[in-house]
Amino acid sequence: MAVVTRPLRRPWVSGDVLVSTVTVLVILMAWTVATTVFRVSPFVLPSPRAMGDEMTVLLEAGYAGKPLYVHVAASLFRSLTGLVAGIALAVPVGLAMGYNRTVSAALVPIFGFFRPIPPIAFIPLMILWFGIGELSKILLIFAASFNYTVLNSAAGMRAVPEQLIRKGRNLGLTRWQLFTSVMLPAAMPHVFTGIKTSTAVSWAIVVAAELIAAQEGLGFIIQDAGTFFRITDVFFGIIIIGLIGVSLELAISFIERRTLHWQGK
Amino acid sequence: MAKIVVRDVCKRFAAGSRHGTEIEALDHVSLEIADQEIVCLVGPSGCGKSTLLNMLAGFDAPTHGEVRVGDVEVRGAGPDRIVVFQTPALFPWMTVRDNIAFGPRKRGVAVRQCLDDAARYMLAMGLDGFAGHYPYQLSGGMRQRVQIASALVNRPEVLLMDEPFVALDFQTRLAMQELLLQIWDEFHPTIFFITHDVEEAVFLADRLYVMTRRPGRIRDEIAVHFPKPRTFGIVTTPTFVAIKERVLYLIREELTASQTRGSIPERSRS
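These protein sequence lines map, in sequence, to chains Y and L. Oh and the first sequence: position 29 is 29 in my numbering, straight run, nothing missing. Oh and the second sequence: position 40 is 305 in my numbering, straight run, nothing missing.
Hints are computed from structural coordinates only; laboratory data are not their basis. Be aware that a few hints might be false.
Unchecked claim - Stretch-level coverage of chain Y by chain L, calculated; a stretch enters the list once three of its residues show a Cβ under 8 Å from a Cβ in chain L: (1) 68 to 77; (2) 165 to 178; (3) 256 to 264.
All C-beta atoms, glycine included, are put in the ideal place defined by N, C-alpha and C.
Based on the sequences and whatever the hints tell you, model everything.
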């Protein structure tokens, strides 16, 4: 009699989630205590109550004459456009580099040189070359997200186990079949690591890019509010950026767990 | 006519970082395997058994000499010579069923046929009920059985098996040995089987070769005349024991020779 087993499903709320929730609650409590009991200046740290009041204002009136969602959408649009374009180019280029040593040797000096340079260092050049419009911001994000995914895609291709390639050849696969049915899926875990890093980086860069020259966006809110000592709005900008960043990461991790479940992690 | 011909094959590998240093893995090896014959190769570990199998599979080319399968010189891997690797070579992103059906499917065999064949070999390997499982959900022994099924389902003319049962528990190994002979009876593949388990070699082989320590040479060739199908009853017969003793003696001589390096080999008790 064969025993049919089923993979265990993780419970919805695990102990880890509970502990993390407690951490968040403790921070909120410490914040409240700091502003009410110790009366920290609202110019240093606004109270949660002041934040709540400001949230109503922001949601109703928006910021700088534009509704809040316009700012969020502007930042998301720049970030995701640059990210998607970066990944779309980086995956094939990276895979080609991992597959072919000559391609790799030809491109390594370019990417190797630019990788350690913080993308923000290029902001003045981007503005000089492409103006202060959308293009310069998106190109900056594109370049940054390209860099990380290309590196990981190439590494993924090189890390395909030799035994699986031999098995594929042994079964009589054509070169194309070997690439699409064996090497590509085997490289996917690395590719995904690159995509995750690129996503985080693209979101971080968009905010930095908007600090310089923008009329809307979450980076603009922080910069503008800081200039006019609207500390509550500065904090709001930071919190929204953080929450969206976490959501993006959770979304990517969710897709990863769904598609790469076979890793058995 | 011989199905597999290995003629005067030498293989040297570059060794270490120092330029020009080489390891001699095989030293003028010649052997022949007839069509539908089961030939086992035994020898001390590291003697170049796997190197020889890799050249038959077309993963590697000889430094000197010639390897022919079906009267054609081997120039690359192909599904006419299916390999069973020592460790389970499975695609981790595919279910057990898809892993087994993969080879035929990619060569354009109809889906229906592929799935039927996969089901048949799953049953034979005791894998029924695990069709939808992924490799990470299986034990090591089960993964190896999936790999064996994924090889047999191709019904190759030549099976190249590199210590395929070494990771299995004792009972499963015995069952697999008998099963291999049953499957041989079904479509009569030519089998080249590497092992260091002498009893396994004598039980399976029509003929077996004993190799020397590295650099590997053919030490001796022994015919095993038990009719097929064989069952485990034969392992206690005097003939079986005598052949086993002879092979053990040869291997022991090789081992002691490699330990004492050039001094007079110690006499075996047998």
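The hints, checked one at a time:
| no. | hint | in the structure |
| --- | --- | --- |
| 1 | 68 to 77 | violated (count 0) |
| 2 | 165 to 178 | holds (count 8) |
| 3 | 256 to 264 | holds (count 5) |
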